[in-house]
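What follows is the residue order along each chain.
Protein chains: 2
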Amino acid sequence: MNIILLSGGSGKRLWPLSNDVRSKQFIKLFKDDKGEYESMVQRVYRQITAVDADATVTIATGKSQVSAIRNQLNDKVAVCVEPCRRDTFPAIALAVAYLHDEKGVGLQEAVAVCPVDPYVSNSYYESVKKLGTLVEQGDANITLMGIEPTYPSEKYGYIIPMTSDSVSAVKEFKEKPDVSTAERYIEQGALWNAGVFAFKLGYLLEKVHSMIDFTDYRDLYAKYDTLEKISFDYAVVEKETDIQVLRYEGAWSDVGTWNMMAEVMADATQGNVILDNTCSNTNVVNELDIPILCMGCKNMVIAASCDGILVSDKESSSYMKPYVEKLGEDVRFAEKSWGSYTVIDAQSTSLTIKVTLHAGNQMKYHSHERRDEVWTVVEGTGRTIVDGMEQVVRPGDVVTIAAGCKHTLIADTDMSVIEVQVGSEISQADKTVFPL
Amino acid sequence: MNIILLSGGSGKRLWPLSNDVRSKQFIKLFKDDKGEYESMVQRVYRQITAVDADATVTIATGKSQVSAIRNQLNDKVAVCVEPCRRDTFPAIALAVAYLHDEKGVGLQEAVAVCPVDPYVSNSYYESVKKLGTLVEQGDANITLMGIEPTYPSEKYGYIIPMTSDSVSAVKEFKEKPDVSTAERYIEQGALWNAGVFAFKLGYLLEKVHSMIDFTDYRDLYAKYDTLEKISFDYAVVEKETDIQVLRYEGAWSDVGTWNMMAEVMADATQGNVILDNTCSNTNVVNELDIPILCMGCKNMVIAASCDGILVSDKESSSYMKPYVEKLGEDVRFAEKSWGSYTVIDAQSTSLTIKVTLHAGNQMKYHSHERRDEVWTVVEGTGRTIVDGMEQVVRPGDVVTIAAGCKHTLIADTDMSVIEVQVGSEISQADKTVFPL
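Residue numbers (the numbering used here), protein chains in the order written: chain W, 170 to 605; chain Z, 170 to 605.
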């Protein structure tokens, strides 16, 4: 089975754990079979391969997520990187061109597209696999998965099937309705459209060629920024007449709010947290290294990261977006393929960061024009290169890097370094990368 | 008027803002006449001098509070430092010996003793001044202030006066009662004993000499650790028969819980805080440099410092003590006479600290046996001395201090320094101080 996982943009709905560089699918609030914390993207990959050990998984995503994917899934998945963000039609077009031209997937093979962030049981991926089988049988050009609704939601689009059979032709698609309209749809047997569908690679590639003028994957990649922002539903699904839907009746959540996350996260509290015995129905996630003491909290969700602290009534947490947008874009934590960085102090002309590097990884060789940097190694051993001079470093060693000096750090073991940046202007833009 | 302010021990009842080294009287949650934040000790001093510009104020306290007092009140007050903590009788005995032998206060002068942490209006200090007048008139050996009770509290001792006059002889003292007993006391016209009383210096000094064998202040200081732990109420007040009480009818709070603090703090929120429009009756204090977003919070108090985060229903906050005691003794912030330090990262073999120094101040000349230190100057200019070598330092300058090296930092302007400590054992005990 070929699966394209669409790994969507930055989200603030799970702030302060999600931010502009850490999407919610990378937050580790679930647990795997061995009891280790895992993220949504790790969980989804584990579930897919549990159902189909031979599945080939390609994640279609933007540049900013590549580090986190590599960090969490290593080389187990292919990554089709969009050079810039368009909408789902260009992203899927690029991914099918990638599968055909770079991975050699045959035109008769079935391809399933799924979002990367539903919280479901393995039976969901059994249904995804069945979509592939239906496509290979050639019953329809596109086979969708329809989720049996559990309440008249205003947040999802609806699929109206012809019949109530397990597999049915599609009668109609409906945009996100209001509650009373949703109730009527559900009475007619409507299903939620959760963005899961399958097709033959050849079918979609032909469709894409009819809509975009390009030769192959590399050509499409090169002109990607010229493509129109348009959703796959709008560009393809809603125009296709030969289309059917497979009913999925299992549990499903898109975990789009803290309220939903609280329902499914592995532990009610995570991190250094104390609840007194009068707390009830309260979830707490603490990524900071200081304790959170909760007393008399009822129906609350509390989350703390180095970006900020949320203290919310569970229901209110669904209305977080406008408030989080006021908070601005300061990102104080980022997961990278080579490790992570965390801002631990910010002043007007300095920034202090804790940098961790995994053994065998290194930073890019780079320089800054308008700031000095000082590294103090606090854990692990490695090598620094500063203006071409290599030096072995151990805990307690200090490396001073004046503005303009080229520098990198190579970790021979897992390392932790305190970096102090000092300068009149401190910005991520002030960075020039050099070949080593 | 001579006033001895008893500045009591460490408190955790306002955790995480109060801790073992920062008592609640030093937290700046009030505002002065100019709208600047001030602490309880600053507020009390301001109120005393508003009522009596010539008052001489002596703070009786332990060593750990001297830095904070000097930082917040400079040299405006005298400080009588107990060499170790005993109870209130030894502390007051030492303070009266100090007033007589070090400050030359006459035996006929009145001395008033007050706790440092009540939240009151200026009229309270008018009453304190009146205590002094009553003492000078010689009506009784000890004149107490009795607070008109507002509810049958189990937390305070009660004074039963002979009459309901403004000034009355005392009939009896009662220990902290249960609620129904307190109700009976109040029906009899009882007053709260808030630990405020006045006497002639000569009266008390004689009393002290009759109970402790010592010559003068320095002798008493030298043998202070041999003194019995005993309260002033038990040792003196409850045994004195010639005693009267002055009724105080104004507002009074000992601000002993977050619930009480929320009633009187200057601003409902302090620091980087956003409340959504469904929050109500909620107070938030944020000392961290990351935002706190509160949504749908009702009747809550939320406080964050580098020691931890409290999220509590207001009423529940009164029962915090056993939970805070579980959290251990890690102190990550301390206010010093020379500035402050804040732990910004703690790992198993390293500790990173932000140190601020006020212009004109310096650290003690000291060394550590089992850790190296690295200073990176991020703000201000000053001088370092490392093993006798003096060096001017500016932002971006780095000073490395190997284990065993003597070192100090002298601030010529306000300075901010990031200090990374690296070693197999990092403890406050590993410090040797040298003369410079």
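Everything labelled a hint here was simulated from the structure, so no lab data went into it. Careful: at least some of the hints might be erroneous.
Since the list gives no way to pick out one identical chain from another, each pair is judged satisfied if it fits inside one copy or across any two copies.
Straight-line alpha carbon distances no greater than 27 angstroms define the calculated DSS-like cross-link-like pairs of lysine-lysine that follow [as the list claims (entries may be wrong)]:
(1) K533 - K490
(2) K490 - K467
(3) K533 - K408
(4) K181 - K467
(5) K324 - K495
(6) K408 - K376
(7) K369 - K495
(8) K467 - K299
(9) K324 - K398
(10) K232 - K181
Okay, the hints, checked on the actual structure:
1. K533 - K490: Neither way: K533 and K490 sit 35 angstroms apart in one copy and 50 angstroms across, limit 27 angstroms.
2. K490 - K467: both (22 angstroms within a copy, 20 angstroms between copies)
3. K533 - K408: neither (46 angstroms within a copy, 78 angstroms between copies)
4. K181 - K467: Both: 24 angstroms inside a copy, 24 angstroms across copies.
5. K324 - K495: within (23 angstroms within a copy, 44 angstroms between copies)
6. K408 - K376: For K408 and K376, the Cα distance is within 27 angstroms only inside one copy (11 angstroms; across copies 100 angstroms).
7. K369 - K495: Intra 44 angstroms, inter 61 angstroms, cutoff 27 angstroms: neither.
8. K467 - K299: neither (43 angstroms within a copy, 49 angstroms between copies)
9. K324 - K398: Answer is within: at 21 angstroms inside a copy they meet the 27 angstroms cutoff, but 68 angstroms across does not.
10. K232 - K181: within (18 angstroms within a copy, 48 angstroms between copies)
The structure is inconsistent with the numbered hints 1, 3, 7, 8, although it conforms to all the rest.
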